[in-house]
Each structure stands twice: as C-alpha cells, then as structure tokens.
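S.K.: So the sequence lines, in the order shown, correspond to chains A and B.
When you line the first sequence up against my numbering, it's residues 1 to 459, in that order.
When you line the second sequence up against my numbering, it's residues 1001 to 1149, in that order.
Hints listed in this document are in silico derivations from the structure and should not be mistaken for laboratory results.
Beta carbons are placed, not taken as given, at the ideal position from N, Cα and C, and that holds for glycine.
Just to be clear, a hint being listed does not mean it is correct.
Quick list of in silico lysine to any residue cross-link-like pairs, SDA-like style, CA-CA up to 20 Å [claimed, not checked]: (1) A/235 x B/1056; (2) A/98 x B/1069; (3) A/101 x B/1020.
Simulated restraints, written as ranges between beta carbons of each label pair [unchecked claim]: (4) B/1079 x A/278: 24 to 34 Å; (5) B/1128 x A/231: 48 to 58 Å; (6) A/273 x B/1016: 30 to 40 Å; (7) B/1026 x A/423: 39 to 49 Å; (8) B/1026 x A/440: 48 to 58 Å; (9) A/433 x B/1016: 41 to 51 Å; (10) A/285 x B/1079: 16 to 26 Å; (11) A/273 x B/1021: 32 to 42 Å; (12) B/1028 x A/221: 29 to 39 Å; (13) A/21 x B/1016: 30 to 40 Å; (14) B/1009 x A/221: 47 to 57 Å.
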Amino acid sequence: METAAHQAAQAGSSNLYWIACGIFVLSFALIISEKVHKTKVALIGAAATIVIGILTQVEAFHSPEVGVDYNVIFLLIAMMLIVNILGKSGAFEWTAVKLAKAAKGDPVKILVFFFVATAAISAALDNVTTVLLFAPVTLLICDELGLDPVPFLILEAIASNVGGTATLIGDPPNLIVASRAGLTFNDFIVHLTPIVIIMMIVFTVVVRFVFRNRFEVDPVKKARILAMDESGLIKNRPLLVKAGWVLALTIVGFVAHGALHLEPATIALFGAALLLLISGVEPHEVLAEVEWPTIFFFIGLFIIIGGIVKVGLVSDLSQLVIHATSPTSESMFATSMVILWFSGFLSAFIDNIPYVATMAPLVAEMASNVVGGGDPALAGSKEVLQHAAVMPVWWALALGACLGGNGTAIGASANVVVLGLAERGGRKITFLQFMKYGMPIMVGSLIMSTAYLWIRYYL
Amino acid sequence: MEVRQALLAEPLFTSPQVKIETLLPLLLADRDGTAAVLSEQGELLGLVGLTDVLRKIVPVYLDLNRNLAGIIHATYLEENLDRLQGIAVSEIMVSPATTVQLKESLLVAASKIVEHGRRVLPALEGRRFVSFISRSSVLAAVLHGRAAA
Chain A
1 METAAHQAAQ AGSSNLYWIA CGIFVLSFAL IISEKVHKTK VALIGAAATI VIGILTQVEA
61 FHSPEVGVDY NVIFLLIAMM LIVNILGKSG AFEWTAVKLA KAAKGDPVKI LVFFFVATAA
121 ISAALDNVTT VLLFAPVTLL ICDELGLDPV PFLILEAIAS NVGGTATLIG DPPNLIVASR
181 AGLTFNDFIV HLTPIVIIMM IVFTVVVRFV FRNRFEVDPV KKARILAMDE SGLIKNRPLL
241 VKAGWVLALT IVGFVAHGAL HLEPATIALF GAALLLLISG VEPHEVLAEV EWPTIFFFIG
301 LFIIIGGIVK VGLVSDLSQL VIHATSPTSE SMFATSMVIL WFSGFLSAFI DNIPYVATMA
361 PLVAEMASNV VGGGDPALAG SKEVLQHAAV MPVWWALALG ACLGGNGTAI GASANVVVLG
421 LAERGGRKIT FLQFMKYGMP IMVGSLIMST AYLWIRYYL
Chain B
1001 MEVRQALLAE PLFTSPQVKI ETLLPLLLAD RDGTAAVLSE QGELLGLVGL TDVLRKIVPV
1061 YLDLNRNLAG IIHATYLEEN LDRLQGIAVS EIMVSPATTV QLKESLLVAA SKIVEHGRRV
1121 LPALEGRRFV SFISRSSVLA AVLHGRAAA
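Chain B with its partners taken away, still in its complex shape (with noise of 0.2 Å):
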C-alpha cells in the first residue's frame, strides 16, 4: 500500500505570515493540531503544531532541567499568554519538517511516524504539498486493505 491511500481529507495549512492569535483557534479545533505552513507556491515551508505554540509561553530554560517546572509559580502559563501576540507563524514552525512521498509504502510513513513520535506527517508530490497522513489513517488504511483482500 502507498501512502496516497491513507492522506487526510481536510489537511490544515496556513502561510508563514499568518499571526498565531489568529490560527491558535483552527489549531486547536484541528484533529491532529498541526497545520502546514505553505510558500504561495503550494510547497512545503515547515510544520506548526499546538506544541510548538506552547513551547513559545513555556520558559526556555527547562530545556535545561525539566524537574525544575514543578517550583514555578502556578499562574506562570496565564501570566505570559501575551507572549503569543503579534508573533508570526514563520518564528515558531519546525523546519524543515519530515516528510513522505506520495509513492513511498505506507511501511515507510509508519516507520517515520514511530521514529520521530509525530501524530502526522505532511505527504508531497515532488515538494507540493498534498495532504497529511496521521498514525490513524495509516493503520485505517491498513485495516481497510487487509478486508478488502
């Protein structure tokens, strides 16, 4: 099976110069919470995703020692929402981000799912983006195939 025959059938996307206030709303309503950030040419930019939004307001030191969140203060999150304003979504999409090709076999797409722990994975046709496949539409697919057969 290829990867063309598990793709989402209302993948979010966005331009880079989107602000996050203003997708924060689509994002959360999204499924999957990840939205691809498109060049006007249709090509893929980089990845956006609700946890890349809270990377933003968490404090960047606990990449250093995560044990140290539990002593912050329990409004910290609230208080430095504001972080968010005014911020595009260029300044915190992953990039690049990993990706399948339409013809690659679903096996491919789920190893690269395991591998790096993402929920989807943006599928291309040369570097246009078409669509995403998520750890649910391949294993839908799979499922689906192995009836059909």
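Extracted from the complex, chain A is given alone in its bound form (with noise of 0.2 Å):
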C-alpha cells in the first residue's frame, strides 16, 4: 500500500518535471518568437505554473530559493522612478547640445563625444533610458548638420549596452546576477568596470578611424550646432538639482551597501522615495511612466524559472555542463568561455533577461555540486556562491549577456527602442544596418572578454 501511494507520488512528480518542462519551453518559444507579448506570455506561464500546482502561491511569492526575487523588482521600479523624474528636468537634452559644442559641429567628434557620454550615463541609469533622452537630440543635430543619424543612432545603442554592462544597475541582467550571487555593487565596479572602459577606449578609437572622412559639413551648418542656446532645455532647474543630488546620494549608497548591510533595492527604494517627497512631482505622474509591462515580464519569468528549479530541470541542465565542460572546485576556465561565448551568441538573437534568469540558478546549482560536493547545507551559500573558482563564471555570464546583446537589432532592448525612435523621427534603420555595425562590436568585445577573464583569474 505504501510502495503503490510512494509510486503514484514519484510519478506525479515525475508529470509535474515535464509539465514544468513544457511550461519553460512554450513560453521561451513565445518569448522568441514575438506574436505574443512577452509580458502575457511571462504572466500566463507564471500562473500556469501555480496553478498546477508546480509552485504553491507561497513558494512563488515568498520562497527566497523559487520565488519573486523582489531585490531585481524594487530595485528596476526605484531607478525607473529616479530616472523617470530626472529626465523630467531636461538635463540629458542640455548635456547632449552642450557636448556638440563642445565638439565645434565636429561630426566626428560629436560621433565619439555622443558614443563615450551615452556608455557613461549608462552606467548609472536604464539603458532605454538613455537612448530614449540621447535619441531627440542626435536626430536634431544630425538634421542642422545636413547628416545621416543612422550610425549615430546606432553606435548610442550600442555604447548603452557597452555602459551599461559596468555596473549592478546598468543592465538587468547584471541585476539578476547580483541578486542570484550576493554580489555588491563594488563588486561590479572592482571586476566588471574596468574592463567595458578598456572596451570603451579600444571603441573609441576604432570609431574615430572609421569614420575619419565619412563626413563633409558645410562650415555654415556647423555655425548652427555653436549658435544654438540650450539654456531653456532645462525645464526645471530645482528639480535638477534635487534629483541630482539623490541620483548622486543613491550611487553612494550602492558604493556603501555592503557596509551599511542593506540590500540594493533598498537604497534605491530609499532614494526614489526621497526624490518623490522632495520634487514635488504628482506621484500618480511618474507612477504611471514606470514600464510596468517590463516588472510584470520579470515576475512571470521568476516565477517559470522557479519552477523548473523546483522539478529539477536547472539541476540536470547543469550536470550536462558540468559534464561537457568538467569545471573543478580550482578552475572552471572551459566553463567560464563556453558561457561567456554561447551567452553573447545567444543573447543576440534572444531576450537576455530570461536567458540570465535560467543561467543563474543554473550557475548557482553548478557551483553547489563542483565547489560544495552537493552538500545541501551549503547550495546558495556565499562561500559556495562567491568562490574564487565560481567568480569569474558568474562574470563571464554577465558580460556574455550584456554585451551579446549589441549583435543585432533584437539583441538588447535599447537597441529595439533607438530602431523604433528613427523611425518615428523619420529615418529607418534595418536589421542589416544594425547588425554591420553590431555583431563587429560584439565579437571585437567578446574577444577582449576572453582575454581579460583569462588573464585575470586563469593566468
């Protein structure tokens, strides 16, 4: 009686791994595919997943291990609030007009000034962000100076996901790394930043070759870009300077979470809170310029993801890793590069975010079984998690993503955004204009990802 109720329990159990299964790759699919949104998909896959019982409410609302990793949704809704009252000010409009001239209607230098200023900003804001506030401005200059903005346009997307791979909040997988990880914002700067300025400075230079006689501007148009007055592109000089002193008060809290023992999230919640109180700005206002679909896709997707590492699927995903490429508790050289390879390749084609949320936890049952010897008392602990021989994987997940994103026009939300904003300014840009410039960018930056893991923690 027993070993029939034991047998009817294992294949249940047994039902519920493929429908977790099915859930996964169904929603993925759709994901991928794009005839539906990828917000519905994540929802209806989240409350499948609930609803058959594969995740309890509980679970996929509190559980710290399957559940809502609420440190990535409270942490993307503050820097959005943060950035969204900010950009009210017109500070991004006055800072870009102020760069042309400082660039003397220069095309080029303008190209590089644009392309540096849109990876710095990067760093610290949204991505989609930045492009969105970059873009206006690069379409108008472009205009008084008689030029095509495509490679502008372009090489701005592409500098966001450059930039934005930096930091904990410059990018959302990077978000999710740091959650999943315990990683610090420190850590980011310590391991990540120096790398994408090396990138920066090896972009840089290869633009301004490139594009060294592509311009010819009439000295008159220039004359325009040195006579425009962008003194009333700042619309609201105290809000600038109040959420310029939060922005700046909020990095030096993520500088200091560690020590201070707060998580992220709370830092920025903090700051957004503060910004909100001080600015006097309608909160219903800038509640409602949140990009609620994007939070509503993050909590779908971490639940799905839940899921499958609930039923076990991450676990075996990462048993075939570790077979195909036999990382050990002293190096997992082979493992950090097929990640960091596969991720850049893949994340030009597909989503990052849900290609992050599935690696994570996998990474994360990866270093439980090679580093902790599959000891249950030590999955998801920090010594397991932050090892020296698990670091740089962790790191070559986060660069692969981030930066594989720049491939292709689908490859990174910003760059989805940019192609719909010149559009709408009047000039289109194709798949195939976008990926000349793009999958260059990302190979050049994968190669010099390979050389700077290697050199710094295998060498």
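Both chains are given apart, each in its own frame, so use the hints to dock them into the complex.
M.R.: Structure follows, in structure tokens:
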C-alpha cells in the first residue's frame, strides 16, 4: 500500500517535471517568436505554474529559492522612478547639446562624444532611458548638420549596452546575476568596470578611425550648432538639482551598501521615495511612467524559472554543463569560456533577461555541485556562490549576456527602442544596417572579455 | 436640433491626387483651413488641413521632444518649404476622420468637436460627404434655435 502511494507520488512528480519543462519551453518559444507580447507570455506561464501546482502560491511569492526576486523588482522600479523624475528636468538634452557645441559641430567628434557619454550615463542609469533621451537630440543635431543619423543612433545603442555592462544597475542581466550570487555594487565596479573602460577606449579609437573621412559638413551648418542656446532646455532647475543630488546619494549608497548591510533595492527605494517627497512631482504622474510591462515580465519570468528549479530541470542542465566542461573547484576556465561565448551569441538573438534568469540558477546549482560537493547545507551559501573558482563564471555570464545584445537589432531593448525612435524620427534602420555595426563590435567585445577573464582569473 | 441645421454653406473639398501647392492657397483662404478629401463617388476619404501641411515641414523628431524646437535655427521652416513640392493630398491627409451623420443631434456633434479638438467635423449622409459643421456653426445654430423658441 505504502509502495503504491510512493509510486503514485513519483509518477506525479515526474509529470510535474515534464509539465514545468513544457511551460518553460513554450514560454521561451513564444517570447522569442514575438507573436504574443512577452509580458502576457510570462504572466500566463507563471499563473499556469501555480495553478498546476508546480509551485504553491507561497513559494511563488515568498520563497527566496524559487519565488519572485523582489530585490530585482524593487531595484528596477525605484531606478525607473528616479530616472523618470530626473528626465523631466531636461538635463540629458542639455548635456547632449553642450557636447555637440564642445565638439564645435565636428561630426566625428560629436559621434565620439555621444558614444562615450551614452556609455557613461548608461552605467549609472537604465540603457533604454539613456537612448530615449539622447536619440531626439541626435536626430536634431544630424538634421542641422545635414548628416545621416543612422551611424550615430546605432553607436549610441551599442554604447548604452557596453556602458550598462559596467555596473550592477547598468543592465537588468547584471541585477539578476548580482541578486542570485549575492554580489555587491562594488564587486561589479572592481570586476567588470575595468574591462568596460578598456573596451570603450578601444571602440572609441576604432570609431574615430573608421569615420575619420566619412562626413562632410558645410561650415555654415557647423556654426548653427555653436549658435544653439541650450539654456532653455533645462525645464526645471530646482528639480534638476534635487534629482541630481538624490541620484548621487543613491549611487554613494550603492557603493556603501555592503557596509550599510542594506540591499541595493532598499537603497534605490529610499532614493526614489526621498525624491518623490522633495521633488513636488505628483506620484501618479511618475508611477504611470514606470515600465510596468517590464516589471510584470520579470515577475512572471521568476515564477516560471522557479518552477523548473523546483522540479530539478536546472539541476539536470547543470549536470550537463559540468559533464561537457569538466569544471573543478580549482578552475572553471572551460565553463567560463563556454558560458561567455554561448551567452554572447544567444543574447544577440534572444532577450537576455529570460536567458540570464535561467542561467543564474544553473550556475548556482553547478557551483553547489562542484565547489560545495552537492552538500545541501552549502547550496546557495555565499561560500559556494562567491568561491574564487565560481566568480569568473558569473562575470562570464554577465559579460556574455550584456555584450551579446549588441550583435543584432533585436538583441537588447535599447536597440529596439533606437530603431523605433529612428522610424518615428523619419529614418528607418534595417536589421542588416544594425548588424553591420553591432556584430563586429559584439565579437570584438567577446574577444576582449575572453582575454580579460583569462589574464585576470586564470593566468 | 440635428447636425443638418448647422451645416456650413460652402465647404472646401478636394481629391486625393491634388498637389499641396495647388491646395494651399485655398486652405489659407478658408476660414477653418480644412478640406474634405473625396473619392470620385463623393465619399469621404479623409481630411486635410493647415496643421497637416505644417506637420510636413516641422521636423518629425520634435514629436519625441517638443522642447527641442527652441534650439533649431530660426530659418528652418523657410529652408524646408520645398518639402511640400510635388506632395499629393493623399500623402498628408488624416484618415479615417471623425465624422457625424446628418441625423445625429447637435449635442453628439458638439461632444465630438470638444473631444477631438477639431475646428470642423465632416457631416455625412450614409458614406456621402454633405458639408462640414464647425464650432461656430454649431453655437450659432443653438443660439438661433433658442431665440426662435
């Protein structure tokens, strides 16, 4: 009798395994196909995961292992609030015009200045917001100079993805990696910022060289740039000062969050709440501008991934990776390289957020098996997740997923947004046009990442 | 009161093939600066007004950030007036247009004018264009109706 009950329970468990796999594969396929909005897919997949009983509601909403990662969710919401309020001040448009004037209307200098500025701003703010604010000014400057805006816009999207790779808050995949591995803001500064700076220096030199004889501009048109009066672009100076201070404080908070024993989400939430309080902006106005579809996409995704973690699919996949790359507790070089390049090329064609959301638990599981010896007591512990052999694998995942987004026009949200803005601005950018710039930069950045990981962690 | 009691006497209309440079003087002379674009059968295809003409020479990227208009050089519009050359009405008309039927009440028409912020609305009988109603023709009809009562 007991054996029959045990067999029935095993059969039920096996059924749930395959159902969870089915939900995961189907959701991923639908997200990639873009036939149905990704938020709808994620939410229906999440609801099915709970209704079918793969996860209980308590697990889905409250479990640190398989539930929604509220550290990521609240960090995203809070940063969106801060950036939305800062964006209302007109500071970004003002900065872009100042840069164009500093370049004295020289197109190559403007291209380089915008490339570097977009990367720098994207390291501190969301990539999409950065390109959203820069693109209209870019279209205007190019119109005034009589230039084709396509290379400018594509390089800005690319710069935002490269810059976003540098910090914990720069790109959503980094948020997921940080939250899963328990990494701090400073960990990203120490381990990823140096390689991003190197990449930006290399790419800036290359861009300057490639475009050195590409543009010809009438001096009269250059003079128009110098004659621009950017002072009117600052719509709300007191708001700019307040938002600037709060953003600076929030970044200082991120740097010190380890010492303060506060999670990044708490720091960002405090910054957003403080800014809402002192800015005088109506809460409903800025809350309406939060990208709720993205937030709910994350929520749904965490629940679907939680389902496949619970039934053991992630564990099985991690065994496959272990088998294929033979990592040891001494070195995971092959694993890092496979994850870096696989993530890079995959992220060029699929959304890197669901990809990293799937890979992060897989890396954690692999770390627990290889470094923790499969001891359940050590699973998910800082000792295992931040073991010296495991850390380069996390960096490989972050670098591959973030930089891979540059490969194609659909590889990153910033690319899609720039294409949309260009079209609305009267200039269509084709998939191939984007790839002509994006793919070489992606491959170049993955080669540099390979060298960096090898020299820094394995030499 | 019905829409038919507030119709304009001389509505401006055109065909989709007409060039903007031909239509522009007529639009400028029209009180409401709007023309109905009609098919050969007299059916309404869309509306074209002075705002639609302006939209063709105002940089489209300003739709993304109106605040930027203040830094563009002062003679931009004059320099870009040539963009109107050879453009057919069908390329800039707004279609489908918000319409009212002759038998509808003036309250329905007034409500649509307020909702869409339009100076005029085309009044149809079935699918056939009859004339326009405007803010002033609606108000004038209402005042006239009350005085008569």
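S.K.: Compare the structure with each hint and give your call.
M.R.: Checked hints:
Our distance criterion of 20 Å between C-alpha atoms is broken by residue 235 of chain A and residue 1056 of chain B, whose separation comes to about 27 Å. The straight-line distance between the Cα atoms of residue 98 of chain A and residue 1069 of chain B is roughly 16 Å, inside the 20 Å bound, and the hint therefore holds. A C-alpha spacing of about 37 Å is found between residue 101 of chain A and residue 1020 of chain B, which places the hinted pair above 20 Å, so the restraint is violated. The supplied range of 24 to 34 Å is broken by residue 1079 of chain B and residue 278 of chain A, whose beta-carbon atoms lie about 44 Å from each other.
Look at residue 1128 of chain B against residue 231 of chain A: about 54 Å separates their beta carbons, and that is inside 48 to 58 Å. Remark: the range hint 30 to 40 Å for residue 273 of chain A to residue 1016 of chain B is contradicted by a beta-carbon distance near 55 Å. Taking 39 to 49 Å as the suggested C-beta distance range, the pair residue 1026 of chain B and residue 423 of chain A does not conform, at roughly 33 Å. The hinted range of 48 to 58 Å is satisfied by residue 1026 of chain B and residue 440 of chain A, whose Cβ atoms lie roughly 54 Å apart.
Checked against the hint of 41 to 51 Å, the C-beta distance between residue 433 of chain A and residue 1016 of chain B comes to roughly 33 Å, which is inconsistent with it. Range check, residue 285 of chain A to residue 1079 of chain B: Cβ separation about 37 Å, and the 16 to 26 Å hint is violated. At about 57 Å, the beta-carbon gap between residue 273 of chain A and residue 1021 of chain B misses the expected band of 32 to 42 Å. Roughly 31 Å separates the CB atoms of residue 1028 of chain B and residue 221 of chain A, a value that falls within the hinted 29 to 39 Å.
Restraint check, residue 21 of chain A to residue 1016 of chain B: a C-beta distance of roughly 56 Å breaks the suggested window 30 to 40 Å. Taking 47 to 57 Å as the suggested C-beta distance range, the pair residue 1009 of chain B and residue 221 of chain A conforms, at roughly 49 Å.
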